[in-house]
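Just so you know, the sequences run in chain order A and B. Anchor point for the first sequence: position 147 equals 147 in the working numbering, and the numbering is continuous, going up by one each time. Anchor point for the second sequence: position 42 equals 42 in the working numbering, and the numbering is continuous, going up by one each time.
No wet-lab data here; the hints were simulated from the structure. Virtual Cβ for every residue (Gly too), placed ideally from N, Cα, C. Among the hints, erroneous ones may be present.
Think about it this way: if two alpha-carbon atoms lie no more than 25 Å apart in a straight line, the pair counts; the simulated PhoX-like pairs of lysine-lysine are [as the list claims (entries may be wrong)]:
#1 B/LYS36 x A/LYS183
#2 A/LYS174 x B/LYS62
#3 A/LYS183 x B/LYS50
#4 A/LYS95 x A/LYS82
The following residues of chain A were derived to be distant from chain B, with all beta-carbon distances above 12 Å [unchecked claim]:
#5 ASP54
#6 PHE128
#7 ASN130
#8 GLY304
#9 PHE318
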Amino acid sequence: MQKISRYLFFIVLFSFFASQSSFAKENKIDLDLKEFIFGHLEDSYEWHITNIGDKRISIPLPVILHSKQTGWHLFLSSQFRKNNGTYKGFSIAPKGSNYEGKIIEYDASGIEIRPLDLSFTKTACSVFINGILLIVIILSVAHWYKSSNHVEAPKGFVGFMEMFITALVNDIIKPTIGDNYRKFTPFLLTLFFFILLNNIMGLIPIFPGGANVTGNISITFVLAFCSFIAINVFGSRAYWKGIIWPDVPIWMKAPPFPILPIIEFFGIFIKPFALMIRLFANIFAGHTIILVLSSLIFITATLGFAINAGMAIVSILFSVFMLFLELLVAFIQAYIFTMLSSMFIGFAQEKK
Amino acid sequence: MSLLLPDSGLVFWMLISFGIVFAILAKYGFPVIMRKVEDREDKINDFLQKVNNAETILAELKTEGDNLISKAKEEQGRILKEAMQRYEKIIKEAQEEAENILQKKLMEANELIRIEKENAVRDIHKQVTELSLNIAEKVLLKKLEDENEQIELINHILEEYSPN
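Okay, chain B solo, but in the shape it has when bound (with noise of 0.2 Å):
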């Protein structure tokens, strides 16, 4: 039955050897091992959360940006319009002040018109009164002559006044 029971000197040997193989493994082999495959872990975890905080940041960027972009087209929309809206009013109102002008030119040239044609008036008003008056004359000087005659250049002279 040797072959069930342990042999001192073979126990012996083999805590001395497990031992010291335990003793340096434990020591310079695993605990290296296991720190540096620990680190190498840690150090991709935090690639990983660092991968997703960027993705997140991406992601927020992109929204950002496309807010932007929508709300700068709204911008161009808005100032078009305004652009529009402007552009009609100074059409509008230079209509309205081409219509003012006209209309004081026309005004203008009414009153214009009216001033001549009182001046007109008063210049035949004018003529004749002085008509009237060498008419007078005329008649005046003739008067002493001939009724018929009187008559007669009463008319030549209407005649010579007359127009056309």
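For reference, chain A alone in the conformation it holds in the complex (with noise of 0.2 Å):
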């Protein structure tokens, strides 16, 4: 424990004077919080590392697009800042525009025009590297399986990743779902997996982590609508007979007011709208916290000495005690979602 309280010590100390060294020179720096934190919430083109000094250190990303005017483009996003914020045509929209942040282009009249945008931004970029090591890690795993025939249970790191998924198959998988879990199995793990790894791996504050991954609406966006895919296609006619014509007194359910029909039908897109918005908002916020309580060091920093040193050890701890929480709404998360998507599959697949 005294240990562990030394070392904390230390990283306060340092991150103080790091935070007084890079602010004390330019003290009337004047912060945009709102920018700052947006900044590395949102998605962007290119993957922002640090900045030393004023030197940008940044990994240029591609950016592909399709203009109705000019066609198909393939280049760099740094070409932007070599080019002055211009390149071919395209910029990236101001503040205060319709398409803040995004790439847009001109039309002959000068209004803003959005092109065909399917550039491979940082959140993508991190989306595949983080399949990448999903891959790796879980094949990984089947080869120890696949490798000989071994009769213990494994140990290790194989004999973690078993433990997660006997306890997801057996624990949430196959009582929610019945007899025909084995079909959707394979699905629900790598969600599971997918959205614990990129939590996890969006909590890590440098490259190739740190991308607010889950925390974006168009992944989790993604994810929601595979699931609900795996729910309604492979519906039983026991769940859409439930839909269409549920088991109640006949006038709630015909022609001149049918409302269960009706609910029922605005269910369908309700369950995986509610699954999007709870991971997108839990991370989002996660995230959120943490960015605000790391940049309370960096607001205070133009408030005196004291008052810095104070918050600073204040907002160390806190960032601590943050990450720590984050930790576990990542699996939480990661645990809510699968756990939600095979209650849904397993409502879906219901006899009679």
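Two chains, two frames, a set of hints: combine them into the complex.
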């Protein structure tokens, strides 16, 4: 315990001096907190790592566009910075624009148009990296099982993963779906580990982690869409009958006011919608809180030594606490998303 | 509100990424793991079943063995008892036989004694007869001489033949 507190002390001291040295020179720096936080949370065309002095260190990512006027374009996002923000007629929309932060072009009359934007952005890149990581992890685990005829239970990392997998299958997937759970097991396990890995990678502050992947609505939208497909495409006859002609008094489902079929119909879409929003909001909020706590140090840098030192300590302690909490949330959200998907699939599999 | 609107480009890349990850893991990842884990579970259940069966069989064997032992003990008791009975019977028979033999011997001895006695009696008869004849002879021979002498002579002969 003493050791830990000593480490903490040094960390606090170090961060404090770091903040002092970078901000002491230009005391009047006006830190736009909103921009700072949203800059970290939102998707971007380059992977910004840090600034050393005024030098910006970032990884440029490919921009892929299709404009109705000029056709397909492929170039690195660093071209914008090199060419003063405009390259081949494209630019990143300024603050206050409808498409703030996105790539736009102007038509002949000077109106902003959004081209078809398939850019390989920071979040897309992060998803790709995490996806490869996930494939490597799971295949290496599968390789252990394939490589030889093990009789004993696995130890170490493989055993750890087996614990996860068997817990998910036996405690969630089997009880909620029932007999034909085998068909959905790979999807639900992929869903769980994909979300979990992306959540955890999002908590690691430096490249290749740190991207706010599962806190991005596009990502959760795709995940929820996949669940939507899994629920409805494989839905049983009884499930569809329950929506169109539920087992209620006739006046509740007959044409003049078919209230229940309408509710059930919206339910089809609301279920995955809730999944999408829940994961997005939880992870987004977690990232926001950690960023706000971290930026407390920089906000108070102008308020004098004593306040800044105090806030630095408080901020570090809270950030550590929040990171542990987020670790828990990372697991819980992956678990909940999988469990609810599994339950919805289970409802759609009902026999009679 | 761009925060809450899915971005088409990112959705596109996410679909591709997630699709690839799902396709690979659903084909080479999870089914392999699940199959092996289930195989192992089946094997463990199988082993447990076998152990259970073995235990039942063992218990059966044990009761069988116990039965055999108790039966053997019974048999042993029975045999011992029989042997004892036979032993007693043999002794009894031997005793009876011995008694019989003794009886027989006794009877034989009695017979012998009787025969001897008869013989002796016959002998005595014979001797008495002979004696009587001798006496008669001698009496006849001395008859002529003197009556007193005759009586004396008879007494004398008698004395001669008397035992002791």
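We went through each hint and held it up to the structure:
1. B/LYS36 x A/LYS183: holds, 17 Å
2. A/LYS174 x B/LYS62: violated, 42 Å
3. A/LYS183 x B/LYS50: With Cα atoms ~31 Å apart, A/LYS183 and B/LYS50 exceed 25 Å; violated.
4. A/LYS95 x A/LYS82: The hint holds at about 20 Å.
5. ASP54: holds, 28 Å
6. PHE128: violated, 5 Å
7. ASN130: The claim is violated: A/ASN130 sits with its nearest Cβ about 8 Å from chain B, within 12 Å.
8. GLY304: At roughly 35 Å from the nearest Cβ of chain B, A/GLY304 sits farther out than 12 Å, so the non-interface label holds.
9. PHE318: Holds, because the least Cβ-Cβ distance between A/PHE318 and chain B comes to about 24 Å, which exceeds 12 Å.
In terms of the numbered hints stated before, the structure departs from hints 2, 3, 6 and 7, listed from lowest to highest.
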